[in-house]
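Number of protein chains: 2
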Amino acid sequence: MADWKNLDTLASFKKLEETKRVDLAAVMSAEAGAERVKKYSVPMAEGLQYNYAAKAVDDDTLKALRELALEAQLSEKFEELYNGAVINTGEKRLVLHQLCRGQLGKDVVADGVNKRAFYEEQQKRIADFANKVHSGEIVNENGEKFTSVVQIGIGGSDLGPRAMYIALENWAKATGNLKMSAKFISNVDPDDAAAVLASTDVAHAVFILVSKSGTTLETLTNEAFVKDALVKAGYNPAKHMIAVTSETSPLAKNEGYLDAFFMDDYIGGRYSSSSAVGGAVLSLAFGPEVFAQFLDGAHAEDELAKEKDPLKNPDMLDALIGVYERNVLGMEATAVLPYSQALSRFPAHLQQVDMESNGKSVNRFGEPVDYVTGPVIFGEPGTNGQHSFYQLLHQGTNIIPLQFIGFRENQTGTDVVIEGSTSQKKLCANVAAQIVAFACGKKDENRNKNFAGGRPSSIITGRQLTPASLGALLAHFENKVMFQGFLWNVNSFDQEGVQLGKVLAKRVLAHDTEGALKAYSDLLEI
Amino acid sequence: MADWKNLDTLASFKKLEETKRVDLAAVMSAEAGAERVKKYSVPMAEGLQYNYAAKAVDDDTLKALRELALEAQLSEKFEELYNGAVINTGEKRLVLHQLCRGQLGKDVVADGVNKRAFYEEQQKRIADFANKVHSGEIVNENGEKFTSVVQIGIGGSDLGPRAMYIALENWAKATGNLKMSAKFISNVDPDDAAAVLASTDVAHAVFILVSKSGTTLETLTNEAFVKDALVKAGYNPAKHMIAVTSETSPLAKNEGYLDAFFMDDYIGGRYSSSSAVGGAVLSLAFGPEVFAQFLDGAHAEDELAKEKDPLKNPDMLDALIGVYERNVLGMEATAVLPYSQALSRFPAHLQQVDMESNGKSVNRFGEPVDYVTGPVIFGEPGTNGQHSFYQLLHQGTNIIPLQFIGFRENQTGTDVVIEGSTSQKKLCANVAAQIVAFACGKKDENRNKNFAGGRPSSIITGRQLTPASLGALLAHFENKVMFQGFLWNVNSFDQEGVQLGKVLAKRVLAHDTEGALKAYSDLLEI
Chain A
1 MADWKNLDTL ASFKKLEETK RVDLAAVMSA EAGAERVKKY SVPMAEGLQY NYAAKAVDDD
61 TLKALRELAL EAQLSEKFEE LYNGAVINTG EKRLVLHQLC RGQLGKDVVA DGVNKRAFYE
121 EQQKRIADFA NKVHSGEIVN ENGEKFTSVV QIGIGGSDLG PRAMYIALEN WAKATGNLKM
181 SAKFISNVDP DDAAAVLAST DVAHAVFILV SKSGTTLETL TNEAFVKDAL VKAGYNPAKH
241 MIAVTSETSP LAKNEGYLDA FFMDDYIGGR YSSSSAVGGA VLSLAFGPEV FAQFLDGAHA
301 EDELAKEKDP LKNPDMLDAL IGVYERNVLG MEATAVLPYS QALSRFPAHL QQVDMESNGK
361 SVNRFGEPVD YVTGPVIFGE PGTNGQHSFY QLLHQGTNII PLQFIGFREN QTGTDVVIEG
421 STSQKKLCAN VAAQIVAFAC GKKDENRNKN FAGGRPSSII TGRQLTPASL GALLAHFENK
481 VMFQGFLWNV NSFDQEGVQL GKVLAKRVLA HDTEGALKAY SDLLEI
Chain B
1 MADWKNLDTL ASFKKLEETK RVDLAAVMSA EAGAERVKKY SVPMAEGLQY NYAAKAVDDD
61 TLKALRELAL EAQLSEKFEE LYNGAVINTG EKRLVLHQLC RGQLGKDVVA DGVNKRAFYE
121 EQQKRIADFA NKVHSGEIVN ENGEKFTSVV QIGIGGSDLG PRAMYIALEN WAKATGNLKM
181 SAKFISNVDP DDAAAVLAST DVAHAVFILV SKSGTTLETL TNEAFVKDAL VKAGYNPAKH
241 MIAVTSETSP LAKNEGYLDA FFMDDYIGGR YSSSSAVGGA VLSLAFGPEV FAQFLDGAHA
301 EDELAKEKDP LKNPDMLDAL IGVYERNVLG MEATAVLPYS QALSRFPAHL QQVDMESNGK
361 SVNRFGEPVD YVTGPVIFGE PGTNGQHSFY QLLHQGTNII PLQFIGFREN QTGTDVVIEG
421 STSQKKLCAN VAAQIVAFAC GKKDENRNKN FAGGRPSSII TGRQLTPASL GALLAHFENK
481 VMFQGFLWNV NSFDQEGVQL GKVLAKRVLA HDTEGALKAY SDLLEI
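Chain order of the listed sequences is A and B.
Counting from 1, one number per residue, gives the positions in the first sequence under this note's numbering.
Counting from 1, one number per residue, gives the positions in the second sequence under this note's numbering.
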């Protein structure tokens, strides 16, 4: 059994604090920098690479990080997790999202069921359903084929699947894999559902209701919205809706749905893109084979995450460097900057994965920790961000570590040559230039135009964003966040901070309020 | 002439540092909290209100903030700005975006021209053009009406206009004001332009090329992309494109465009939504009258910003409280959380407005400052964010100040009643509940479920998001950022950090690189 200890009780963490700081601008200059770019790189799955040359680390720091990884028993903890230990201590649950995409260790049996077999069965059922929709075996009341799919869900039932869909939509169009277009309804703001429905041909749409408990207020409200629209248009909601839920929820085995597909309590919402939550919408949109490629990519990255040596384990190394920046160098936020329009909503998804997992102040045993935990995560695609908030990243008073992502080829295959280079080359030239500018800065006698440099970044590179490389990319960040949770000794798999507001909102709606809550309710005329 | 001094040299700032800290959880509880909600509220323009009851301030703090406002001469500096002083010292330029929406002080004459008259003339020219497009006087080569508009621009030419368009799209549909649908192309990633073009009926589209200098690489590249698509479809680009640029740019008086509309060097990109940059696309999409209402709302808020007493000036007060949180309480980021799906891209726009303006380490005279300046800005609409990163906001180890926005009525008028309340009521109930939960917390013996509270927020409330209230909202934040720049004594109107990457990217494309830059270029196969 692994030993769960607070970060600041580890001898190796004290040693890490005492390592000499690296002068990033100096080590990244000229030929020394070129050497680092070649040396400080770890292969990821599906041809991706994690390059950390522009991080403020050197061989001494890396040695200390390796010792920290060993003393914190990161590999042992991961092993316990994928072998079915109760890692989510707060909710007393197993943590099995990796099992949705492959077997990493022993068979995990819970509630009398082999969980890998259960997840595979759901994937198979979804694949059958999707194939029947695509072939025209499952059709609407008029015998017409369904042409689009609309996911109704919020939080983890929305952000991840939506980000994955957007990431692959253009790829799918270019490769002939777009079977159905997908849309998403999430916000309880009625204008969200109204706008999506106004632009949807409801007669030919399959709606996926996603709620593990079957009781999420926003989602049930939006379901009512959709049913209303279907009925008004003369269609039977039961012939247009499927559910993704737990087997024990009121949505399971319910005649109001064409079919229901299952996840369980061991899949956290923010980790559910590779479960039925992502599986239904992605299999309908792109076909089950494409979803299977996505799962294979994620599984291949999970396999890499089992490696004990952090210098060969990109997910663990990324986690360790992040903790070094946060807890030793004192940096408070991380910007995620994909140079790929397809990843436009990937930062919003990682914002949930990271901040909801590690935004905690107590450890796994409910004791307050004396160090900072999860950072703020934000980001927009490059080059857009370059023309916006990069100003603060370059010259602000706080240093924000950066996570770049870049691909050598675009997805659509469409491009133009202007001034001797394609748009894709320009995109890549920009990200390369930014990394060096952040690290090395630029001297100028006009101090307003002077850049001190010393601003650390890493980059994940690859040939192209495909279903498989997207899966690897997603798993990388999920695993990074998991390893960081281990280092901080927090439970990364519950979310009490998300529960509180729900209770209070119900009190407001029941007019069971006093004091400030009543005053705000009056202000908003609730 | 105002006296430009560093924040930490002001006696009133020292006094502010010495004011007693407010126990937010205590003062916001029960009836005392209700009193605060009523008392700590300032009217904004267009029926909006800025409520700061849940900020960690009391009458003593507010007194100190008022003294700071006076000593920092915030009103005098704003007066100098709108009367045409060279406030942008780095680039030696006037700062006149407020003049696009109304006259706040004396006539401003620059380059021999009355600038208010110049901006009005451009608005009028845009209005005439838009009316002719809507009436069918200006048509495509086949004599058919244009039905959609596509803006090509990046940074300030994209984020603001796009956020404003999204904010009003549903309102316009519901009120019969949607004349043409709008789309936006920004990223140099070729997949961005390819995807937008694939979903655009180019035969009936007007394209707006927006670049002040007429030389922005991303924008010219995307223009080539669009021209290519038009030519391939058998259309003449010159009959489909207009330019928004400066009078001296190569795009002005150019036969390649149907027409050109002008801004100038005194309008920063991130402040250009109320200039021709926002004017062309918004007037084409919604009609010139709607754009005029938006400008009127912004101007009304600007007028309020002239008030010398910060307790009656919502923009100045918001700025002062933000500086108190940043420089006295030591908070590093701010989350912008609109409970309105229409404002889904408003946080991304504010991210640029704020971080590009005040992400600076030197003062107006190029001297390094010894205090922190602009914070990280991020956000997503509620209730979506509640199911995501709110975990960290509630229970993370760092306290993040929050800026809520909420409206009593939705835009589309469509709604459903579930469990006795409409979706809009649920939306409002959620934001009210969150404010109180963040401020007061919730005690629980299980420390994992315990919420300490003491997490400050403010809320801007209003009846509905309309063109006028959107204008007021935008001007509020622009003015807040301006006042914060005055307090930090930085130049909020240049962006050297955005320039650097452009130069280096060109070097990469010219293969004029060495060391680390070459190594990264190899990695990306540039």
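Certain hints may be false.
It does not matter which identical chain is meant; a pair holds if it fits inside one copy or across any two.
Claimed, not checked - In silico BS3-like links for lysine-lysine, alpha-carbon gap of 25 Å or less:
#1 K124 <-> K15
#2 K443 <-> K308
#3 K183 <-> K173
#4 K173 <-> K38
#5 K20 <-> K253
#6 K173 <-> K227
#7 K173 <-> K232
#8 K183 <-> K312
#9 K39 <-> K232
#10 K106 <-> K232
#11 K145 <-> K442
#12 K77 <-> K506
#13 K92 <-> K106
#14 K39 <-> K227
Derived by calculation from the structure, the hints in this document are not laboratory data.
A quick look at each hint next to the structure:
1. K124 <-> K15: neither (50 Å within a copy, 68 Å between copies)
2. K443 <-> K308: neither (42 Å within a copy, 41 Å between copies)
3. K183 <-> K173: both (16 Å within a copy, 19 Å between copies)
4. K173 <-> K38: Neither. Shortest intra-copy (35 Å) and inter-copy (55 Å) distances fail the 25 Å Cα cut-off.
5. K20 <-> K253: Answer is neither: 61 Å inside a copy and 60 Å across each miss the 25 Å cutoff.
6. K173 <-> K227: Answer is between; shortest inter-copy Cα gap is 22 Å, intra-copy 30 Å.
7. K173 <-> K232: Result: close only across copies, 20 Å inter versus 32 Å intra.
8. K183 <-> K312: Answer is neither; intra-copy 39 Å and inter-copy 44 Å both fail.
9. K39 <-> K232: neither (63 Å within a copy, 46 Å between copies)
10. K106 <-> K232: neither (51 Å within a copy, 58 Å between copies)
11. K145 <-> K442: The answer is neither: 59 Å in one copy and 51 Å across copies each exceed 25 Å.
12. K77 <-> K506: Neither: 38 Å inside a chain and 47 Å across chains, both beyond 25 Å.
13. K92 <-> K106: within (20 Å within a copy, 68 Å between copies)
14. K39 <-> K227: neither (57 Å within a copy, 43 Å between copies)
Hint compliance for this structure: hints 1, 2, 4, 5, 8, 9, 10, 11, 12, 14 are not met, and every other hint is.
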